[in-house]
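In order, the protein sequences belong to chains A, B and C. 181 is the number of the first residue of the first sequence in our numbering; add one for each residue after it. 21 is the number of the first residue of the second sequence in our numbering; add one for each residue after it. 66 is the number of the first residue of the third sequence in our numbering; add one for each residue after it.
Check before you lean on any hint, since a few could be wrong.
Here are some chain A residues the structure puts well away from chain C; computed CB gaps all over 12 Å [as the list claims (entries may be wrong)]:
{"#": "1", "residue": "ASN204"}
{"#": "2", "residue": "GLN214"}
{"#": "3", "residue": "ALA223"}
{"#": "4", "residue": "PHE243"}
{"#": "5", "residue": "TRP372"}
{"#": "6", "residue": "ILE422"}
{"#": "7", "residue": "PHE438"}
{"#": "8", "residue": "ARG441"}
{"#": "9", "residue": "SER484"}
{"#": "10", "residue": "GLU548"}
{"#": "11", "residue": "TYR573"}
Looking from chain B toward chain A, a few residues come up when the C-beta cut is under 10 Å (computed) [as the list claims (entries may be wrong)]:
{"#": "12", "residue": "ASN52"}
{"#": "13", "residue": "LEU53"}
{"#": "14", "residue": "ALA58"}
{"#": "15", "residue": "ILE67"}
{"#": "16", "residue": "LEU70"}
{"#": "17", "residue": "ILE139"}
{"#": "18", "residue": "LEU235"}
{"#": "19", "residue": "GLY250"}
{"#": "20", "residue": "ASN254"}
{"#": "21", "residue": "TYR325"}
{"#": "22", "residue": "ASP327"}
{"#": "23", "residue": "VAL333"}
{"#": "24", "residue": "TYR360"}
{"#": "25", "residue": "PHE372"}
No lab work stands behind these hints, which were simulated from the structure alone. Even for Gly, the Cβ is constructed at its ideal location relative to N, Cα and C.
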Amino acid sequence: MSSNTALQGGGPVTRRNPVSRLWNDKQTRSVIVQIIATVLIFAFFFYMVQNAIANLERLGKDFDFAFLSAPASYDINQHLIEYDSRSSHARAMTVGIINTLLIAVSGIFLATILGFVLGVLRLSKNWLTNKLAHVYIEYVRNVPLLLHILLVHGLLVHSLPKPKQASSVGDVAFLTNRGFFMPKPDPEPLFWIVGVLFVIGLIFTFLFRRYARKVQDATGKIYPVFRIGVIAVVVIPSVAFILLGMPVNWEIPELKGFNYRGGMVIRPEFIALWLALSFYTAAFIGEIVRAGITAVSHGQTEASLALGLPRKRTLNLVVIPQALRVIVPPLASQYLNLTKNSSLAIAIGYMDITATIGGISLNQTGREMECMLIVMALYLTFSLLISTFMNWYNSRIKLVER
Amino acid sequence: MSTPEQKYAPGTHPDLPPPFASTGPIKWIRENLFSSPANVTMTFLAIYALYLILPGAFSWAFSDATFVAEDRNECRALNSGACWAFIAQRWQLFTFGFYPPDERWRVVLAFVLLILVVIALLWENCPARKPLLILACVFPFLATWLLLGGFGLEKVSTDQFGGFMLTIVIGVTGIALSLPIGILLALGRQSNLPIIKYACVAFIEFIRGVPLITLLFVASTMLSYFLPPGTNFNLLLRVLIMVTLFASAYMAEVIRGGLQAIPKGQTEAADAMGLKYWQSMRLIVLPQALKISIPGIVNTFIGLYKDTTLVIVIGLLDPLGIGQASLADTKWQGLSSEVYLFVAIFFFISCFAMARYSLYLERKLDTGYKR
Amino acid sequence: MNEEATQERVTHTLGDIAIKIREMHKWYGQFHVLKDINLDVQNGERIVVCGPSGSGKSTMIRCINRLEEHQRGDIIVDGVELTNDLKNIEAVRREVGMVFQHFNLFPHLTVMENCTLAPIWVRKMPKAEAEETAMKYLERVKIPEQAHKYPGQLSGGQQQRVAIARSLCMNPKIMLFDEPTSALDPEMIKEVLDVMIELAREGMTMICVTHEMGFAKTVANRVIFMDEGQIIEQNEPEEFFNNPQNERTQLFLSQILQH
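Just chain A, with the same shape it has in the complex (with noise of 0.2 Å):
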């Protein structure tokens, strides 16, 4: 190579014929995939519309959501809000969003109490307990949900006694393979006051952790806060309610026939999925949680007990603050598996959004797309919401790095 060449600079690029110094410019082959990519997209999605129109045409078919006002006329016997067979189907479908809700928030709660329970466990140094834990959450991991649904399903109702030789919870509550009848409370006037004491408690709690967190910052002096908050939302009420003389009243169910009547019922249908999927999902909460706490380092619990802070206090300000950046992406994902989860009620009966409007609905209307556009829609507005809340807690508590 001469020294000039090596100075005009030209270098392959000059002996190519146009085409390949095209397709070699890096911006320019950039922009010539995404172009095929996008018209390949755009040629599938135009095929496949183009496909549904003839067939729906072949098939004497519209497009059409009119069909949620019309009548369901199907029962669903587990709905929050007034429904009976003369509503629509798109009160049917509220009502199933209503109880996919119920079991996702149910679940969850249940779930997580049950998840830290075996994620400390798992760590305890009780040899026993420790492998009577993992023995769980191996058998719960390795075993389809649906089976286990289907399990805790034929238990209830095959295993549990007929309404007339129901088990009773102190003659108020009973336990029958109808449901688990509850007494359901009526309460008084009075009652409000309760609720208001609560509220107030709450609020009292908030405005006094920011006040002692002001008076350590400025004096050092360190509230009991959790004490107050205790006696704030729990105690003051409750001894308000015992004060007033208890102003609720109980609607106790009562045998009529074949099955009681009154109070409140849990079909055994929904604590069939409710315990499956809490017990479920609770397994893999649980190592999600040792995973977490496990994953502190031993460094940082030496250094804090160290500088003599207590182990107390070395739990609440070095270790959980850590572990729960650990563990808090894969639990709200577990959080988004349960409600998809949930589903599966379809398999046991349990009316939520899949089993109304993407079931029976679908069936009676023949009308697949709209009702399967519907569920899908609803299932991926869940996602995103518990998504979107996840990247909101992670980049509130990212760790400053460089």
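Here the structure of chain A is known, so what remains is to put chains B and C in place on it, guided by the hints.
Relative to the frame of chain A, chains B and C by itself:
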């Protein structure tokens, strides 16, 4: 103050045994079961719980169980425990579904070949690995031929597939296909071409945002709308496509985690050496990224494998479906616990084996390259 | 040491221009990292680049093999202009070797495989030949016995020598060193510097970002001082160290030579 005289000259101190009672079983029990009052309580609670559960479960499942009987009533008459006679009578149905009995050797053969292939793939020093790996390449075609027939074998319709065989067919196909698709999706998501990137993101997030059940419903009810009028393709095939797509979205996320864990220096070094994009991915990045993500990949496999049970909601007869169908038989009504436990044991064994393998790999990889 | 290698390197005479940078600018987002860089490197020249951290030295040499893209100005390496053209980039990278601060060896490949990877896939060399070359260079960096180990089994100094051998296996015309000794323990720095000094003696064109002033004094033809994305001063080592012109250079030198 005088320091005590040293018993040994510096550098000659021998190793002494530890003081008594800091070793041995007594110490172990004290430390692991009775180290504190809370621990004592927990230990006794655990023992009590075991006492409540184990003897009852044992007698139900074994000592009080019936293994031979004609129907449920006979079972109940003979003994109070589990009625395994039901399983004993129907295990062929649970294994092969409605596959024609005379052709079942084909399923068995395909399964044996599958085992050989899996051993060859997983065990680096297995004897005759080379020919087995060649077998692995042709296995998909071979197995399809064996199971479906044609070319000299009697044809078998996929409607007749069922039981554990169906589980394994769906599981293995999904696993084998979702890995390559997942890799492509993960690379796409990491790409710096925005359209490719967002197409992959949209696909992955969509699939991960909806439950598998809805996708299976789509496969069974809606998919045919999107195909040219008049095409009617096999339900099993549609299910396989959906399961594969579903698993590959999760796979993509697992692999993306692995890709992100590879330091940037690796691609830079590969670039600096003049490797092209696909070369540096194939030779440098993917081997490392896949290795790190093996535990996650196996977990996805386990998830997919467990999810195959969902096909019953669209009417395929996997073991659970067979079980439910059998339970409808008046002769055997009410034996759900036996059926579900039986199927649960099958899943537990296969999933637990996979989980252990992944744990073993994780430990092996943990030591890194310091062999 | 071996004559043959020395012979091989002196194919281009001193005076040909290996690298030519003209009015080159680079930004990271809004941040102007490199400002109006002009630099000519002759074949066989050994250049040491120094400067405070964040001054853009690494970015500059990473622009030379296009690990970083510059936004304005020209860079011509070995007669090939660096543009978006992928063929040109590949051509440059084939001829320019690079050694990184953190070695960047491929942990899943043995030392030998690390060395033969690029010759096999980029130069399309037969495997046996590639291994022979690799062995030659591993001997040259004095670790032939480690050839079949994995990088994780080697000490930092050994890893960096492997990284140098890996680059040499491509038979590059120019070598870039990006703080090659910064991640090393003190006792290992010397073994790496020895290899580099030897390479310099054989006439390799080298650009080296480093704080090893001893190395600069021994082998460099020219020392470049950068600060805040600009080349502040360049001179022969003797002049540079004994008689720095710019105030910032003086400050920098006083800080690193204090101890």
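Hint-by-hint comparison with the structure:
1. ASN204: The claim is violated: A/ASN204 sits with its nearest Cβ about 5 Å from chain C, within 12 Å.
2. GLN214: holds (15 Å)
3. ALA223: Fine: 28 Å to the nearest Cβ keeps A/ALA223 off the interface.
4. PHE243: Non-interface label on A/PHE243 holds, nearest chain C Cβ at 46 Å vs cutoff 12 Å.
5. TRP372: holds (58 Å)
6. ILE422: For A/ILE422, whose nearest Cβ neighbour in chain C is about 64 Å away, the distance exceeds 12 Å, so it holds.
7. PHE438: holds (69 Å)
8. ARG441: holds (70 Å)
9. SER484: It holds; A/SER484 is separated from chain C by about 30 Å at its closest Cβ, greater than 12 Å.
10. GLU548: holds (48 Å)
11. TYR573: Holds, because the least Cβ-Cβ distance between A/TYR573 and chain C comes to about 27 Å, which exceeds 12 Å.
12. ASN52: holds (4 Å)
13. LEU53: holds (6 Å)
14. ALA58: holds (8 Å)
15. ILE67: holds (7 Å)
16. LEU70: Since chain A brings a Cβ to about 8 Å from B/LEU70, closer than 10 Å, the hint holds.
17. ILE139: Interface hint status for B/ILE139: violated (21 Å vs cutoff 10 Å).
18. LEU235: holds (9 Å)
19. GLY250: holds (9 Å)
20. ASN254: violated (18 Å)
21. TYR325: holds (8 Å)
22. ASP327: Constraint on B/ASP327 satisfied, holds at 7 Å.
23. VAL333: With a closest approach of 6 Å, the B/VAL333 hint holds.
24. TYR360: holds (4 Å)
25. PHE372: Status holds, d = 5 Å.
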